[in-house]
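Line by line, the protein sequences give chains Y and B. Numbering of the first sequence is given in the working numbering, commencing with residue 1 and proceeding in unit increments. Numbering of the second sequence is given in the working numbering, commencing with residue 210 and proceeding in unit increments.
No lab work stands behind these hints, which were simulated from the structure alone. Owing to the predicted nature of the structure, the values given are computational and were not obtained by experimental measurement. Errors might be hidden in some of the hints.
The list that follows gives simulated cross-link-like pairs (lysine-lysine, DSBU-like), each with its CA atoms no further than 35 Å apart [stated by the list, open to error]: (1) Lys393(B) / Lys43(Y); (2) Lys138(Y) / Lys262(B); (3) Lys393(B) / Lys184(Y); (4) Lys138(Y) / Lys347(B); (5) Lys252(B) / Lys302(B); (6) Lys11(Y) / Lys43(Y); (7) Lys347(B) / Lys302(B); (8) Lys73(Y) / Lys138(Y); (9) Lys393(B) / Lys115(Y); (10) Lys93(Y) / Lys347(B); (11) Lys53(Y) / Lys302(B); (12) Lys53(Y) / Lys393(B); (13) Lys347(B) / Lys53(Y); (14) Lys93(Y) / Lys324(B); (15) Lys184(Y) / Lys220(B); (16) Lys220(B) / Lys115(Y); (17) Lys282(B) / Lys262(B); (18) Lys138(Y) / Lys252(B); (19) Lys115(Y) / Lys347(B); (20) Lys252(B) / Lys93(Y); (21) Lys138(Y) / Lys93(Y); (22) Lys347(B) / Lys220(B); (23) Lys262(B) / Lys184(Y); (24) Lys220(B) / Lys262(B).
In case you want the letters, here they are:
Protein chains: 2
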Amino acid sequence: MATLPAKTAMKDRILQTADRLFYLQGIRAVGVDTIAAEIGISKRTLYNHFPSKDALISAYLARRFVAPRASDKSPLEQILGTFDSLERRFSAKDFRGCPFVNAVAELGEDRSVRKVAVAFKESRRLWFRDLLLQLGVKDAEALATQLALLVDGSIAQDLVRNDPAMARAAKEAATVLLRNAGVKVGRAAAANKRAAKKRQRYGSLRSQG
Amino acid sequence: MATLPAKTAMKDRILQTADRLFYLQGIRAVGVDTIAAEIGISKRTLYNHFPSKDALISAYLARRFVAPRASDKSPLEQILGTFDSLERRFSAKDFRGCPFVNAVAELGEDRSVRKVAVAFKESRRLWFRDLLLQLGVKDAEALATQLALLVDGSIAQDLVRNDPAMARAAKEAATVLLRNAGVKVGRAAAANKRAAKKRQRYGSLRSQG
DNA sequence: GCCTAGTTACACAGGTCTGTGTACCTATTT
DNA sequence: AAATAGGTACACAGACCTGTGTAACTAGGC
Numbered sequence: 001m002a003t004l005p006a007k008t009a010m011k012d013r014i015l016q017t018a019d020r021l022f023y024l025q026g027i028r029a030v031g032v033d034t035i036a037a038e039i040g041i042s043k044r045t046l047y048n049h050f051p052s053k054d055a056l057i058s059a060y061l062a063r064r065f066v067a068p069r070a071s072d073k074s075p076l077e078q079i080l081g082t083f084d085s086l087e088r089r090f091s092a093k094d095f096r097g098c099p100f101v102n103a104v105a106e107l108g109e110d111r112s113v114r115k116v117a118v119a120f121k122e123s124r125r126l127w128f129r130d131l132l133l134q135l136g137v138k139d140a141e142a143l144a145t146q147l148a149l150l151v152d153g154s155i156a157q158d159l160v161r162n163d164p165a166m167a168r169a170a171k172e173a174a175t176v177l178l179r180n181a182g183v184k185v186g187r188a189a190a191a192n193k194r195a196a197k198k199r200q201r202y203g204s205l206r207s208q209g
Numbered sequence: 210m211a212t213l214p215a216k217t218a219m220k221d222r223i224l225q226t227a228d229r230l231f232y233l234q235g236i237r238a239v240g241v242d243t244i245a246a247e248i249g250i251s252k253r254t255l256y257n258h259f260p261s262k263d264a265l266i267s268a269y270l271a272r273r274f275v276a277p278r279a280s281d282k283s284p285l286e287q288i289l290g291t292f293d294s295l296e297r298r299f300s301a302k303d304f305r306g307c308p309f310v311n312a313v314a315e316l317g318e319d320r321s322v323r324k325v326a327v328a329f330k331e332s333r334r335l336w337f338r339d340l341l342l343q344l345g346v347k348d349a350e351a352l353a354t355q356l357a358l359l360v361d362g363s364i365a366q367d368l369v370r371n372d373p374a375m376a377r378a379a380k381e382a383a384t385v386l387l388r389n390a391g392v393k394v395g396r397a398a399a400a401n402k403r404a405a406k407k408r409q410r411y412g413s414l415r416s417q418g
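Construct the entire structure; sequences and hints are all you get.
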């Protein structure tokens, strides 16, 4: 077990466990003892891989910062698909809001946390902006910001309410904003909207991914 | 100082200080010693007014739960005014997001915290809904939810970015959604929009309340 | 078979936290 | 002036936290 891959495997395992606990229970709420115990390793081993809890927190946030991957779907599908993907994530019982927003809320004025959180939010806004530019939208900057507001708004609302329908509401608002900007949103989205209304009449939205 | 008003005055002072510290630094980050020291009273006095920190947290959230007061302004002015008011609050340096969302993010699955947070969010949504009904909007329920998304989205974005312009972006999106729902939004809002663009060219948005 | 890197068990330092116990003080009321 | 309500000072219990020190163990590479 002294091989290099084994070492990185252990580090990954620590990080993965820290990620899960930090995200689900809050960063301050989880001690390093808890993380080590969860894996079944000694606290000493944990500190052999990460010099401090702060380092572990940084690694946690860095790990969460995944750049949106390239897609062969159309820009419009990618934009609207964001909200479908959100709805799916909201429906999972281990969804607990945006880790960056939560970290800023919890850790307050910590500089490095703020920095990575801002970078993350901005990267997502730019992702929207580039897609909007591909669609020929005139004021792509402003619309990208507005779409980002809808994303974060639905996340915050779902965090409190546990209601995946917040993602659908955001998608419908996004559709209106896109149409208003001259984007032709096809009948597919409209059909989704109709289907949603029907489903709502009969009960929970949860069953739908 | 043994009079009844003095007693409630002390209780208010404790609560007020707890509110400020909890909100600015986070609930877990602030100990009861810190609160007592800030006021200049002994910890014993604090515990004579609140049986536990949990009770203080509950009182803090209850205090933040203020029902939106009645207004003689038009429903449309009230709706759009929400976003102006947000922009003003974002510009204050002591704004640190929504206390309810932050509490849920920090305290996780605490039942009572979740309960009051849900109640708060729903009360605001209903406030929007009633104003929309007064405006004759057809699907007031859905639009109220969408406006609430914009409010919470701008709050989350400002928490991370410290950028009051997020409130303006939300207001512009809200204007589009309202127009799409058949509401006539007058030139006042449009003028605001034009003025904003001009301002933006010359620099910071902060100076404007 | 030996070396070495990694892990383990465990104690402990030093700090913070919530909450309590106790004896004393002070101001108002009667 | 005495009684009473409330505040103060201060020690302390008991829990939890981060981080370190140390000696022993274990498995792979030579």
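Taking the hints in turn, this is what the structure says about them:
| no. | hint | in the structure |
| --- | --- | --- |
| 1 | Lys393(B) / Lys43(Y) | violated (63 Å) |
| 2 | Lys138(Y) / Lys262(B) | violated (53 Å) |
| 3 | Lys393(B) / Lys184(Y) | holds (23 Å) |
| 4 | Lys138(Y) / Lys347(B) | holds (30 Å) |
| 5 | Lys252(B) / Lys302(B) | holds (29 Å) |
| 6 | Lys11(Y) / Lys43(Y) | holds (13 Å) |
| 7 | Lys347(B) / Lys302(B) | violated (39 Å) |
| 8 | Lys73(Y) / Lys138(Y) | holds (21 Å) |
| 9 | Lys393(B) / Lys115(Y) | violated (41 Å) |
| 10 | Lys93(Y) / Lys347(B) | holds (33 Å) |
| 11 | Lys53(Y) / Lys302(B) | holds (29 Å) |
| 12 | Lys53(Y) / Lys393(B) | violated (54 Å) |
| 13 | Lys347(B) / Lys53(Y) | violated (53 Å) |
| 14 | Lys93(Y) / Lys324(B) | holds (18 Å) |
| 15 | Lys184(Y) / Lys220(B) | violated (59 Å) |
| 16 | Lys220(B) / Lys115(Y) | violated (38 Å) |
| 17 | Lys282(B) / Lys262(B) | violated (40 Å) |
| 18 | Lys138(Y) / Lys252(B) | violated (60 Å) |
| 19 | Lys115(Y) / Lys347(B) | violated (43 Å) |
| 20 | Lys252(B) / Lys93(Y) | violated (40 Å) |
| 21 | Lys138(Y) / Lys93(Y) | violated (39 Å) |
| 22 | Lys347(B) / Lys220(B) | violated (47 Å) |
| 23 | Lys262(B) / Lys184(Y) | violated (54 Å) |
| 24 | Lys220(B) / Lys262(B) | holds (14 Å) |
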